[in-house]
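Using the hints, put the two standalone chains together into the complex.
The residues making up each chain are set out below.
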Amino acid sequence: MCLAIPAQVTEIDAAGRGKIDYLGTKVKVDFSLLENVRPGDWVIVHAGFAITRLDEEEARETLNLLREIVEAQGE
Amino acid sequence: MPGPMKELRDGSVTRALLGRIKGKTSRLDRPVRIMEVCGTHTMTIHRYGLKIQLEEAGVDMVSGPGCPVCITPNEVHEACLDLVTQRENFILASFGDMTRVPTRKGSLQTAVPARSSLIRIVYSPEEALALALAHPDKEVVFFGAGFETTIPAIAVTVRRAAREGVANFSTLTAMWLIPPALRAILLAGETVISGFLYPGHVSAIIGLEPYRFIAEEFGVAGAVAGFEPNDILLGISAVLDQITEGRPGVKLEYGRVVNPCGNPLARAVMEEMLEPRDAFWRGLGRIPRSGLALKEAYRAYDARAKHGLRVDEGSGDLPGCRCGEVLRGLISPPQCPLFGKRCGPDSPFGPCMVSFEGACFIHHKYNRRKRSG
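Protein sequences appear in the order of chains A and B. Using the numbering used here, the first residue of the first sequence is number 2, and each one after it goes up by one. Using the numbering used here, the first residue of the second sequence is number 363, and each one after it goes up by one.
Everything labelled a hint here was simulated from the structure, so no lab data went into it. The C-beta atom is built at its ideal place from N, Cα and C for all residues, glycine as well. Hints may contain errors.
What the hints assert, rightly or not - If you want the footprint, here are the derived chain A segments under chain B, 3+ residues with CB under 8 Å: (1) 9-15; (2) 29-38; (3) 52-63.
Extracted from the complex, chain B is given alone in its bound form (with noise of 0.2 Å):
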């Protein structure tokens, strides 16, 4: 029965879930402006013609931070393409869309490996322990950015490499950690918002209380919600009843996938191998304890220790670029000069238009197409 169940897409359902919405603003004195965290859900809410139903209904959807490909600093990517480019006998092992990010040194589909070097696009860590054992003699980088919902994969990989004792794997991480962020956007207050649609996935792993703080500390509603237009509406519909009752909570509209204490072998690999550090995101700086490491123990498994990578952290975006400020929810994409101009998906010139998740690549994929009719 679970596999795709049409009902979350069905337009009768769509359009009723729609009108209870509307209903419950318009008994609203103050606008609404809820942020859904996650690529996926702006993928869903434009891909679905959410985005201009639910203005209609009253209520302001704006992008955040939840797209690894996006938030990931270009010094980031450039340390990657300084290790293939100027070392011999590596491979270096990305996820696909990492691969075309633009920096000041190029992206690595255009970049020049040294002398036996490669890049290869693998779709899990493991793949680049395979690739480890099957090349022993090359030094294998991992470029291992994702959120919660990666980031145990990356932990058991390295658990894994540890055990068998592969001595040519590491990963060069860069492992983001929604709920710091959140707080950072909520304390930076550039952007006005009543509530939070929170990641589907992300949650799967954590549970719901890691977002408790942002009702208790900062009064904001919340509900996690699915990948489907109608689970999207439910978490909306969930997070407008909060600010009508006045009162705040982690609501969890998506209890078919998200366990509410999240997967706790998940967690556990997390606490075993991984310790919080400061992290530098893109458009959002640096934010306190938002990012893991490996620990002392799997050190040897660090890109950065045991290869000597640099970091230069604050190198920052090509200039021009706003996707920072689209990160931020401060402009749409269409506000940025470059967008559909200079920056299109065939040929991105920030990274929120080459990620599937990305603000800019999701505008200019669905509003254009509608505008062109």
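Same shape as in the complex, but just chain A (with noise of 0.2 Å):
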């Protein structure tokens, strides 16, 4: 099962450890499939493992194309 909703690290240890935050419950995930890894970075979790960042330029541009097909039907 895929989960849609990103989720944001709190914290990693050296060996790629660490936990997140996924809709405020506390969760251990294994980072080593990430490099450069931070806290405050948001994240897709599958079995266990973040396996991909989130690009937040990308999400913007999704959201401003989103508004502007409302925009668009409302003329």
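As structure tokens, then:
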């Protein structure tokens, strides 16, 4: 089952293990599939591993696109 | 900012996108059938009532093979059952939903383990490795089933076991690759597909390139989409644009999560430890190079080799179960005579009713509720 909602990194140790905050719940996660993860980063977690990091610029672009679509419809 | 983004579920955006989609299909002279490959996409499509709204907008959505519980054939489950019911001093660690799949030999949930053996549910392969460290007197076998999303986690865990010399850990793998399965579906030609909605998190690992052949060899459109309702509509809209322009491609509509090149570390660990092999899928049968197995150097961690497990290919589904046809898109779940009668979420008869991502479970959960008002 894929978890659609991203989680925020709260702690990470030198071995690449740490925790995320997933909708308010702290969960243990392995970060060894990602480079340079820092607390505060948003990640997608699958089977106990962070598999990808969120790109905030891309997220913003999608939001802008959605807003434009609604506005275009209203015209 | 990224957290939950409410615009992705906003109803006014959904209506605007559906309006656009309807405009696009009305200009096409043929029906549009799009396969959502991933079970979590199926879940979103039904949960938000998009299936019917898309039909009204001219798009017929059909579910694909993207549910690991559903496509892992019974013989693999039976090998796990044989292990834990016949051998003493084993721990079989499995993802929870896998334990509920019924076979001729029962399910892991109902199985009575052999003396001093146990079945443990885990959320991550790492938890299975932790069990091995905590129980040095027992053999721990992890039932490692999943797609490209899960495979790197399994590979990293085996690599860690090897590096740390954990001798009582191995994995019975059922590792499935999505692109070869899509090729098999297209080659079979049993169902006409005008486009694919590619899975979001499989793509986060493999990137876009592995789907390119679908556009180039088969001329079929496709887009990678996220899991929120408006993500899915953006993906469908991109597929329709490709069909309209006669230019099939692989469009990325989930850029906030998917890098076009995938996850390089995950791909590297898969390359390092695993090799392709032909694999037998429920419903789809044998597909060339559609599975992965541990390389020779890691054979000591392969439960098949280490414990001499036999996986009797082709022993098959329970008689009467039509999950295979559901997985190939030949029938929709309510067309199965067992659906909602002998087979329901409380006592599933087939795997597609077991998994939260299974088409039968999803139809049962959302479409029945709608009918009963």
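For each hint, the structure was consulted:
no.	hint	in the structure
1	9-15	violated (count 1)
2	29-38	holds (count 5)
3	52-63	holds (count 10)
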